[in-house]
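Undergrad: Sequence:
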Amino acid sequence: MDHRGRGVALIWIVATAALWAAAPIGAAELSGQISIASSGQALRSSETTEAVVYFRPTAAFAPPAALPTTQMATRRKEFVPRVLAITPGTEVRFPNLDPILHNAFSGSPGNIFDTGVYGNGEGSSHVFESAGLVKVYCNVHHSMNATILVLDTPWFTRPDAQGRFRLQDLPEGPGDLVVYHDRTSPWQQRIEVGATAAEPLQIHLELTRRKVPPHMNKFGKPYGRRNDAGSY
Numbered sequence: 240m241d242h243r244g245r246g247v248a249l250i251w252i253v254a255t256a257a258l259w260a261a262a263p264i265g266a267a268e269l270s271g272q273i274s275i276a277s278s279g280q281a282l283r284s285s286e287t288t289e290a291v292v293y294f295r296p297t298a299a300f301a302p303p304a305a306l307p308t309t310q311m312a313t314r315r316k317e318f319v320p321r322v323l324a325i326t327p328g329t330e331v332r333f334p335n336l337d338p339i340l341h342n343a344f345s346g347s348p349g350n351i352f353d354t355g356v357y358g359n360g361e362g363s364s365h366v367f368e369s370a371g372l373v374k375v376y377c378n379v380h381h382s383m384n385a386t387i388l389v390l391d392t393p394w395f396t397r398p399d400a401q402g403r404f405r406l407q408d409l410p411e412g413p414g415d416l417v418v419y420h421d422r423t424s425p426w427q428q429r430i431e432v433g434a435t436a437a438e439p440l441q442i443h444l445e446l447t448r449r450k451v452p453p454h455m456n457k458f459g460k461p462y463g464r465r466n467d468a469g470s471y
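Quick note: the sequence shown uses our numbering, first residue 240, plus one each step.
Just so you know, not all the hints are guaranteed correct.
[Claimed, not checked] DSSO-like, lysine-lysine: derived pairs with alpha carbons at most 30 angstroms apart:
# : residue 1 : residue 2
1 : LYS316    : LYS450
2 : LYS460    : LYS450
3 : LYS374    : LYS460
4 : LYS316    : LYS457
5 : LYS316    : LYS374
6 : LYS457    : LYS374
7 : LYS374    : LYS450
8 : LYS316    : LYS460
[To be verified] Computed Cβ-Cβ distance ranges for the label pairs, DEER-style:
#  : residue 1 : residue 2 : range
9  : SER270    : PHE300    : 37 to 45 angstroms
10 : PRO425    : GLY349    : 16 to 24 angstroms
11 : ALA281    : GLY360    : 34 to 42 angstroms
Calculated directly from the structure, the hints in this document are not laboratory data. Just so you know, even glycine gets a beta-carbon here, dropped at the ideal spot from N, CA and C.
Please work from the sequences and hints to get the whole structure.
TA: Here you go:
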C-alpha cells in the first residue's frame with residue numbers, strides 16, 4: 240500500500256472510531272401511560288399534558304446543555320404553557336398576548352425574578368440558572384399561576400393528549416423515574432433501565448391540590464379584591 244492508500248485507511252479508522260465514540264452506549268428507552276383522577280373520578284386524558292416525566296440515572300452523567308430561548312406567554316389571563324420544563328441556563332421570555340397588563344414574578348429560591356408590569360408585546364426575559372421548582376404568579380391577577388421545572392437531567396418529556404410518554408436514549412442501569420404534576424405530590428419509582436425494552440408502565444395520579452394554590456403577591460401581601468379584573 241502506498242502512502243496515499245495508508246493515509247486514506249488511517250482517515251477511515253479515525254472517522255469510524257469517532258462514530259463509535261459519539262454513539263450512545265447501551266441506549267435504551269422507557270414508555271408508559273398516565274391516567275389522572277380527582278376525588279375518585281377519572282379526568283380527561285388530555286389533563287396529563289400538564290405533567291412532566293423525567294429520568295435521573297444513579298450513575299454520574301454530564302450536565303445538560305441550556306435549551307434555545309423558549310417562552311411562557313400570557314393569554315386570556317393564563318400562562319401558556321402552564322407547566323414548562325427546561326434545563327439550567329435556559330432563557331425564558333414572557334410575551335403578553337392580552338390587551339391588559341400583567342406582571343410575572345417568582346420568589347422561588349435560586350430563580351427569583353420579576354418582569355414588572357408590562358402591556359401587550361414581546362415582554363422581558365429571564366435566564367434560569369439553578370435547577371429546581373419555580374412557581375410563577377402574576378402580581379396583577381391572583382388566579383394566574385404556572386410552574387417552571389428547571390431540570391438537571393437531559394431526559395425529560397411531556398405526555399401526549401392520551402397520556403402516553405416515551406423517554407429515549409437513556410443510559411442503561413438504575414435511576415429514578417419521576418412524574419411531576421402541580422396538583423399532586425411527585426410520583427417516583429426506582430427503575431432499572433436495560434437493553435431490552437420493558438413493558439409500558441401504567442401510572443396513576445390522584446389530584447388533591449387546588450388549581451390556584453394559596454399565595455401572596457410579590458410584596459408578600461394578600462391580593463386585593465379586584466386583582467382579577469380585566470376585560471377583553
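Undergrad: Tell me the numbers of any earlier hints that the structure contravenes, in ascending order.
TA: Those not satisfied come down to hint 9.
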